[in-house]
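Asks: Listed below, chain by chain, are the residues.
Protein chains: 2
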Amino acid sequence: MGEKVISEKNLRFLLYDVFDAPSLVKYPYYAEHGKETFDMILDTAIKIGKDMLKPNLQEMDKNPPRLVNGEVKIHPSVRAFLKKCGEGGWIAANAPMEIGGLQLPIMIGLLPTFIFGAANYSASAYISLTYGAAHLIESFGSRQLIETYVPKMFAGEWQGTMALTEPQAGTSLADIITSAEPTNEGYYRIRGQKIFISASDHNCAENIIHLLLAKIKGAPPGVRGISLFVTPKRRISSDGRLVFNDVNISGIYHKLGYRGSPITHMSLGENGDCRGYLVGEPHKGLTYMFQMMNEARINVGVGATAIASASYYAALEYAKERPQGRNLSAKDPALPQIPIIKHPDVKRMLLFQRSIVEGSLSLLFQCSKYADLKIVSNGKLNEKYSLLLDLLTPVAKTYPSEMGVLSVSQALQCLGGYGYCDEFPLEQYYRDVRIHPIHEGTTGIHGITLLGRNITMKGGKAFRLYLEEVNDTIQKAEVHSLLLPFAIQLRSALDKLESVTSHLIRIAEEKGLEFFLADATLYLEFFGIITIAWQWLLQAISIKKKMENDRSESDRKFCEGKMCVLRYFFCYELPKIEGLSLRLKNVDGLTVEMDEAYFDD
Amino acid sequence: MGEKVISEKNLRFLLYDVFDAPSLVKYPYYAEHGKETFDMILDTAIKIGKDMLKPNLQEMDKNPPRLVNGEVKIHPSVRAFLKKCGEGGWIAANAPMEIGGLQLPIMIGLLPTFIFGAANYSASAYISLTYGAAHLIESFGSRQLIETYVPKMFAGEWQGTMALTEPQAGTSLADIITSAEPTNEGYYRIRGQKIFISASDHNCAENIIHLLLAKIKGAPPGVRGISLFVTPKRRISSDGRLVFNDVNISGIYHKLGYRGSPITHMSLGENGDCRGYLVGEPHKGLTYMFQMMNEARINVGVGATAIASASYYAALEYAKERPQGRNLSAKDPALPQIPIIKHPDVKRMLLFQRSIVEGSLSLLFQCSKYADLKIVSNGKLNEKYSLLLDLLTPVAKTYPSEMGVLSVSQALQCLGGYGYCDEFPLEQYYRDVRIHPIHEGTTGIHGITLLGRNITMKGGKAFRLYLEEVNDTIQKAEVHSLLLPFAIQLRSALDKLESVTSHLIRIAEEKGLEFFLADATLYLEFFGIITIAWQWLLQAISIKKKMENDRSESDRKFCEGKMCVLRYFFCYELPKIEGLSLRLKNVDGLTVEMDEAYFDD
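Chain order of the listed sequences is A and B. Position 407 (the first sequence) corresponds to 492 in my numbering; numbering is contiguous. Position 281 (the second sequence) corresponds to 366 in my numbering; numbering is contiguous.
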């Protein structure tokens, strides 16, 4: 099996040509860094992926976590990886220096997340979760909470989790019932059940720190009564020892994929002795948690893209080596067989995958850049980048996830029967990637978030800013004759987006929320395709520049290849908006009004 | 977990209302039967599925076949199932009475294939393979071959297989090198390797009969030099005993799904003592094998539809029982949660699944009816039904397979996190169904078959017959005001199909085969959507009649439900042809001309 799971060349292209990461160092917050740091991060992440993660990919899948005497045993390689990440500052890459972080741009933090995810998604999830949890404490917790937990978490010694879901409350967080009873000792007594919690127990960390949602007794109903607690597996006793905090693992899920990472059912306070430490103010937990969730959502997009990237390179390697059949116009059986990559249908399948992988990755860099610009700006600019990031988060989570599943499926298909067998990694990637349209909010939820909340928020300001961004790219592209046809096609797509959106907003006024949001998932798909087309055009502008300046053979190949993928996206993927816009304009209420008894037969 | 995997009501509707199976008994060949037989077959198949197959679904997945001392050990329940099928005549359901079959219409034979496949696809594959192999012997073999093998196979005592693929020759059968050396003793000496052979060895049958492709020494190159041999695992010695025939199992594949059925790597004639018995004439093997392959292709469509049906009912059951969230317009957390089936997005996902399952099933009945009419007719009519069946075989194989994968994925999605875990059967269905776009010819091959061979064969006669069939349905539908809008929409789709097809045929003339067939897979998708729309309109005509006549509450619900699914298909699925037709008319040669070196980065 080949070792290539990502294109370093493409990462450098996105980082330096398209999104100009070094431009961030002109802001004081990032002034300590420069291109050399970024290069080093990239090189080291690739090395870690290759040396520590990829070699354990299949073994972790075949030896999934086991629950033994109440503790979860995972693959031992995770311990060394966490240690390495702690020592190298990988977990704290984006955290401020004042609390021990490297204070790297979010865009640069995306590199290890992507590279580790492509090498071994399950392993990479441990550190993303720990960072997210630590970041939440650091952002909203007291100094004491920060000092107690964050350093150990950044060091990779303690694992972080986000503990939201309960048996009766998955998507509907308003319905959580885990309770927190105040005491006079500076902690709350926690009692409840949490399910589907990733990395929520394992033997490769000394302690597990749950960032847990619960309701303080007497809190208002619904989402306005949810508070956030640091709830460690082992709490620190008065004499500084780690003692059991009555956090019990009552079950472990056997999953389709993503098997290197344990997902458990937890029971808190079975013996009435589980202590939780309030983060920030009471009843504001969900607002805080949204920070972690939104970051986690971008990371889901990155993870899906990463698996799709690894799948693409596995399919490519096979397609180059596997001889089968002859050109359609040269069927003489005396001729030697040709490698399947020469068949147009196989090229089409590979172009599909690459258009998804590199289009998604570009969008994820775009979102990371907005996140960086949000950090370094204030006032109107800060609002602008916040709104753009918010608007695009459901797209950056969902497009890579939904299309990643299809992309990996096409990669598997390139191998025919071998794709279905475990001699090759495709069948595992196919199982692994399927988690992404589910966790951190299902696709359906993100459709409702995009259309029902983000498009209309602040009087549609985020949406207007988005249109400006895309229009700006169109204007920069249309001056190049090579790019003009694509710019025209994207403008027409953007017109469709505007007209479908206004149509739906009229529906909201005339027929109410249920009709407005009935096809929100399809609206998200429609919006996603146009957004990825935008990202392809944006890349094409940089390619155009590169073609004028760079003359090496390898650069020429890269640029020609990118132009082919751009053409593929505009010719094969963008036309899918035609059917979607037809549907979205036809709000007939079928799914609102249909009697559910009709589903029986 | 619920027991419902298929809709009996829908099967009866297709069988009696839409395709009028009893009308076949007016032909002498089927005159022995009547509606009572058909009802009995349906009832018994459902009972067998429920009692013998569904209970072992998960256990067979968790205990896949093992290769022990050269023999494959499978789940023991298969033995009883094969015995039952042998005794009940299920394997010989469609075979002529003169050789011990039930001589049932192909349409009726579809019932157990579908029902068994929905209950446990892996188990159902054993008998489909045996029937296909026996049917091949019966169609083209000598009387002696028939008498020696067919009765034991129909009795479920001997397993049949189709042994085509070799390490260097999967899709490209022209390149097989398994050799057959003539002897003077009435057999050929076989030597070679076969891979990916389903059910090719197991301990629940006394013998395994491989219908094997090989080249007789000195045969012409390519597909014109392929012959077909009966090659048993154990041959019959002169004194009537079964003795080892030098058929060795050298490996077993570990697969993503479809794990209840073994797929092996076979090595034939390692000791120079493997005997094969020629079927029919030398060098005509591939022509013979196409009979089995085409039947197997329809069965793949049935299997994919069956798994998608079981998935639909599993998702439906969950959606009715799982409370989560509230109506979008009634968010008060004090209100109780509602079952998720009440959410429009969940209804949309369920409608998607049902439109795929019931649209595909209708097409499969349609093809079976053509097969029956082909059997009972001759001359022009025989040619007509042969051509229609040939034309539609790639569609009936591929649409259910490709869309079945998406349908099962949506079913899994309805369960959220639970869909990803093995407490529910969805994750297994998701793995099982993924085989279908691969085996019996990948989707890419079927695209080329449809566009490159079937559309143009006999001067386009099959395609013209198809257009007549669809137009006939449109004319019957447009007289009903309720169906008129759908009839109009289908006519417009059919016009698009004609114009895209003529455009592509012009391309073939102007630019050659490579350009013509570059997007054949998309043409197949395009053709498939329109064909399923046709099948929905055909069903709607029967629904219209039923609504006028039947007045029971259950029938009313059924009819209203069907009309909702029809609306879904025409509003959500049929518009997908817009983007496809745009693409198919834009033959820019991207995938023909692109340099494969561009794929590297």
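Read the hints as simulated data drawn from the structure, not as lab findings. Heads up, some of the hints might be wrong.
No copy is singled out in the list; a pair is fine if it fits within one copy or between any two copies.
[Claimed, not checked] 20 Å max Cα-Cα, derived DMTMM-like pairs, lysine to aspartate or glutamate:
id	residue 1	residue 2
1	K631	E117
2	K629	D680
3	K111	E156
4	K543	E554
5	K135	D324
6	K158	E242
7	K147	E366
8	K465	E594
9	K581	E232
10	K629	E663
11	K89	D136
Asks: The structure should be examined with respect to each hint, and the outcome stated for every one.
Replies: Cross-check of the supplied hints:
no. : hint           : in the structure
1   : K631 with E117 : neither (28 Å within a copy, 76 Å between copies)
2   : K629 with D680 : between (54 Å within a copy, 19 Å between copies)
3   : K111 with E156 : neither (48 Å within a copy, 70 Å between copies)
4   : K543 with E554 : within (18 Å within a copy, 55 Å between copies)
5   : K135 with D324 : neither (42 Å within a copy, 62 Å between copies)
6   : K158 with E242 : within (16 Å within a copy, 46 Å between copies)
7   : K147 with E366 : neither (44 Å within a copy, 48 Å between copies)
8   : K465 with E594 : neither (30 Å within a copy, 60 Å between copies)
9   : K581 with E232 : neither (52 Å within a copy, 67 Å between copies)
10  : K629 with E663 : neither (28 Å within a copy, 31 Å between copies)
11  : K89 with D136  : within (12 Å within a copy, 49 Å between copies)
In terms of the numbered hints stated before, the structure departs from hints 1, 3, 5, 7, 8, 9 and 10, listed from lowest to highest.
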